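Trainee: With chain A held as given, fit chain B with the ligand onto it using these hints.
These are the residues of each chain, in order.
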Amino acid sequence: MEAQLQELKTQALDKITAASTVKELNDVRVAYLGKKGPITDLLKGMGKLPAEERPKMGALVNVVREEVTTQLEGRMVILEEEAINQKLQSETIDITLPGRPVKTGNPHPLTRVVEEIEDLFISMGYEVAEGPEVEKDYYNFEALNLPKGHPARDMQDSFYITEDILLRTHTSPVQARTMEAKGGEPIKIICPGKVYRRDSDDATHSHQFTQIEGLVIGEDIRMSDLKGTLSVFAKKMFGDDREIRLRPSFFPFTEPSVEMDISCFKCGGSGCNVCKKTGWIEILGAGMVHPNVLEMAGYDSKRLTGFAFGMGPERIAMLKYGVEDIRHFYTNDVRFLSQFQRTEL
Amino acid sequence: MLVSINWLKDYVNTQQLPPAELGEKITRSGIEVDAVIDRSHGMTNIVVGYVESCVKHPEADKLSICQVNVGEETTQIICGAPNIAAGQKVIVARPGAKLPGDIKIKKAKLRGEESHGMICSLQELGIEGKLVPKAYAEGIYVLPEDAETGSDVLTNFDLNDTVLELGLTPNRADAMSMIGVAYEVGAILSEEVKLPEISYKEASDTAASMLTLNVDAPEANPLYVAKVVRNIKVQESPMWLQQRLMSAGVRPHNNVVDVTNYILMEYGQPLHAFDYDLLETGNITVRHAKEGEMITTLDDAERKLSGHQLVITNGEKPVAIAGVMGGADSEVSEATTTVVIESAYFESGSVRQTSKDHGLRSDASSRYEKGVDPNRVIPAAERAAQLLSELAGGEVLAGSVVFDELNKEEKIVKVSPDFINSRLGMKISFEDMWDILNRLKFNTEAANGQLVISVPTRRQDIQIPEDVIEEIARLYGYDEIPATLPEAETTPGGLTPYQAKRRIVRSLLEGAGLLQATTYSLTSEKSAKQFALEETETTRLLMPMSEERSILRQSLLPHLLESVTYNTARRMDSVALYETGSVFLKGDDELLNEQEHLAVAITGLWLDNSWQGEKKPVDFFVLKGIVETLGTKLGVQLTFERGQMDDLHPGRTAFIMLDGHRIGVIGQLHPSEQKERDLKTTVVMELNLALLLNIETAALLYTPVPRYPSMSRDVALVLSKIVEAGTIETVIRNAGGKLLKDVRVFDLYEGDKMEEGKKSVAFSLTYFDPEKTLTDEEVINAHEKVLAALTEVGAELRS
Ligand SMILES: [Zn+2]
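In order, the protein sequence lines correspond to chains A and B.
In the numbering used here, each residue's number is its place in the first sequence (first place is 1) plus 33.
In the numbering used here, each residue's number is its place in the second sequence (first place is 1) plus 255.
Derived by calculation from the structure, the hints in this document are not laboratory data.
Computed from a predicted model, the values in this text were never measured in an experiment.
Positions of the beta carbon are idealized from the N, C-alpha and C atoms, including for glycine.
Treat each hint with caution, since some may be false.
Stated by the list, open to error - Label pairs and their computed distance ranges (CB to CB):
(1) B:MET827 - A:THR129: 25 to 33 Å
(2) B:PHE1001 - A:PRO134: 50 to 58 Å
(3) B:LYS666 - A:TYR354: 43 to 51 Å
(4) A:ASP232 - B:ALA701: 17 to 25 Å
(5) A:ASN306 - B:MET827: 28 to 36 Å
(6) A:ARG360 - B:GLN608: 29 to 37 Å
(7) B:SER588 - A:THR364: 51 to 59 Å
(8) B:MET800 - A:ASN306: 48 to 56 Å
(9) B:GLU700 - A:LYS215: 37 to 45 Å
(10) A:GLN119 - B:VAL1048: 32 to 40 Å
In isolation and in its complexed conformation, chain A is listed as follows:
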């Protein structure tokens, strides 16, 4: 019987080693250790042995059984791991295939520029003011020191709807309205919006375009404050090493009036095609609010002074992004629009 047991053990261990899958190994388990297996049979057959041999045989059977079990479990760990590895291997994907696209749109480039400017001035304590695009001649011109027949009205041929109503030619009427509404109190606003002029559309002209203007009114506002504010704007918008320069100019609603150039952000001032070899790029017009404008809105121009500035987001976008034709902003070609997706920070 002992020999029989040894024989069984050898057989079982051989089969364990030979088993190459979890299933085969499980079959071995059932075949040798199962309720109908030979080892169980042997245990059942012990009844026939003399009583004094039984404990010894019993112990022997258990030893064999344990050894087979241990071997089997050891083998099982290896085979299971192999099985998992094989499964994972079969699940391999082609990671070079493209990912599922996340569909995202983006703002119009002009919105992008306008909001950047809005946020910059908001951080300096400005509020955003808006007003109607169809405007009264009074707010568009007269309240801004441009009475009927003023020669500067030629500068901006307008779309009139009636004698007294027109499509605003600049966002300045929002300033006039805000001043009127504030009733003599200090103001710090920027006014973005669409404006309209009688221009034929071409690469550099558009009958509809956008403007963003700023207005600050308070006690002792000086021209140096205008220069400092514009300098902060230029650096934030176009880079820390930008310098600004003011040139005298003329606007009916400011006195003195200036135009602001920034040092070219492409060449740094040495001259290139962006700055037309001058090293400077004209960015905006500005000035100290004309006393007539203040007085007309009910401000005491002896007590309160102010500055105003205005710029064209189209021009800024064209300079910043290298856009060569203003009509791109109004054609809405998705191949153009979708380029303004990524951040520049």
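Mentor: Okay, now just chain B with the ligand, sitting in the frame of chain A:
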């Protein structure tokens, strides 16, 4: 304004500054120099030639063989100009010469004949064709007989010159003359200004003996001066005068006209010359035109006059439109022997209106419109008399015929140095201010700590202390202004709730995959009302530039759809755009009712065609989902009501409702509209964004996260196809009681396994009690009520 530097030097020392440097100084101190134009264009080797003989080329009809004395030799040149003739002094480009446009002259053979150079037209010297005197416009230019053979043309005729092109702002009318520019340059460079010295001999007869003057409109014409010059010989002007006019962009005509134009450029004072004999009456009367009166102007146009327009008449009929253009009947010609020179002050508004009425803008009218210097009217007339006597051999009659009620006094502006510095944020010394005012030639006195400034009448733009501040600052240098920030209390700043919510809408739509578009507000009659949410009249521009852009839009969709078609026509089949912008409706006010709208248009695939094989064309529900999410984000309850709108699919259109009000529309384009616009299935939406954003949303308070589980029950119903899921949902919600928390459609089947006219809709119902765990019994009770209600409305339960 074109300013020849050589000419400018007659009046002011330019300190031999290189032209670009002078231009930069002018720009930095206030008048923008748009261009610096070298009139020599780098030309070399161009000399005066004398045509000794000129014969037809035997081989070519249009060519002449000329023997030309060029000083050091006589050489053969072939010339193709029709006006070439022996005995002429001409402009010769010698072999080796350089002409504008990178042209180099070489010896050449033309049809077998040698040509040693080229006889030039003025155009070939870089002068614009429209400036070349008419006689030479089609051929070579013929120089005066006294031009020295062999001498350098560039030096002799002042082409070694640079012209500064000034971009003048409307306030700087003073710089519309050479003398005005000289004052500006004098102020910049601290130089004196030399005015022309006027002297001429007068005849013993007086002007008044030949001419009488009446001014019947003294407000519009407060000053009129006329001089009479007789025995003049009308002919070509001398070269220097022609050259100066051409440098200023004026075409030479004859000495009389050229003198008036020269003085216009020199003084900024328009002059007009009448042929005295053609005036017929020896009288000039200035009056307003009679309604309907006619005049033929110098440009040969017959013009009808109106009562508000000022005219110069001979006492009977108009001979000129005052300040705008002369009449053809009294035009100076070669036959003229006596001229009347007019120098006048016409009120700017009157000239502006008249020139606008006739669509006529001339060098004269543009100066009158901006206001001429009252103190230059009379000197300009004297200067004309001088030049006509010098250049046309004229005899100037003594005195002038004058009407003068014009105020020529200087404006006094008082300003204190402290005020100037406080407004600028600077510390300019009194001495520096004093110096600048002197450089400007403003007579200034100091009194009681104030600067008392007499502003010369040429500077009509200086009216108030702030104008003086600008003068001082610009000449002191804007670079010297320090950079500071306002010292006032800082304010918080920020967006209004409306503006903040608009940004939220934008980022939601962009997150959903839409690109922001911007289209034009002006549209055509046809597109103005398409997809409009409200029925109102359209608003038309008084003077549109085109029919396409003549009406204010009432909806955003037409242009947005044009943008979609623009893209699909370029093979971008899937397009998803949105726009926010104003639409313009007739309002109660005289201003329009301007509403901010939001529009969306989507076509093509919503889910892109990926390698996973999934693709989903856009449909109504894609867009409806976006609108619903928008409502959720803004905290408003948007509902949808079946509706109809022209050009939308009749079965696939709904109105977007807010509190029972129609605020927008959503739908698929009508197939015929899709075809019209060359689009495949396209869904659109437009709503009144202003209404949506103006709703104040309630404060956000969290609802406790459920502590007890919810239970769900599904029901599948067979319904008649015409019954809408929304109706059934309402039935369920009404019957479900307070335990029913949510109802969702999770399946819809309309396939062939269904009976004709039927569909199957499956709902998932969620029951929940926030206070405790629901028992089966409670759920069964509630659910039974729902099922009963469903049966009652004819819904058939599907097992
Ligand atoms: Zn550059």
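Trainee: Could you run down the list of hints and mark each one as holding or not?
Mentor: Each hint, compared with the structure:
1. B:MET827 - A:THR129: 25 to 33 Å: 26 Å, holds
2. B:PHE1001 - A:PRO134: 50 to 58 Å: Hint violated: Cβ distance 26 Å, outside 50 to 58 Å.
3. B:LYS666 - A:TYR354: 43 to 51 Å: Given a distance of about 48 Å, which is inside 43 to 51 Å, the answer is holds.
4. A:ASP232 - B:ALA701: 17 to 25 Å: 49 Å, violated
5. A:ASN306 - B:MET827: 28 to 36 Å: Once the Cβ atoms are compared, 31 Å apart, the range 28 to 36 Å for B:MET827 and A:ASN306 holds.
6. A:ARG360 - B:GLN608: 29 to 37 Å: 35 Å, holds
7. B:SER588 - A:THR364: 51 to 59 Å: Because 55 Å falls inside the window, the suggested range holds.
8. B:MET800 - A:ASN306: 48 to 56 Å: 31 Å, violated
9. B:GLU700 - A:LYS215: 37 to 45 Å: 40 Å, holds
10. A:GLN119 - B:VAL1048: 32 to 40 Å: With a Cβ separation near 58 Å, A:GLN119 and B:VAL1048 fall outside 32 to 40 Å, so the hint is violated.
When held up to the earlier numbered hints, the structure conflicts with 2, 4, 8, 10 and fits the remainder.
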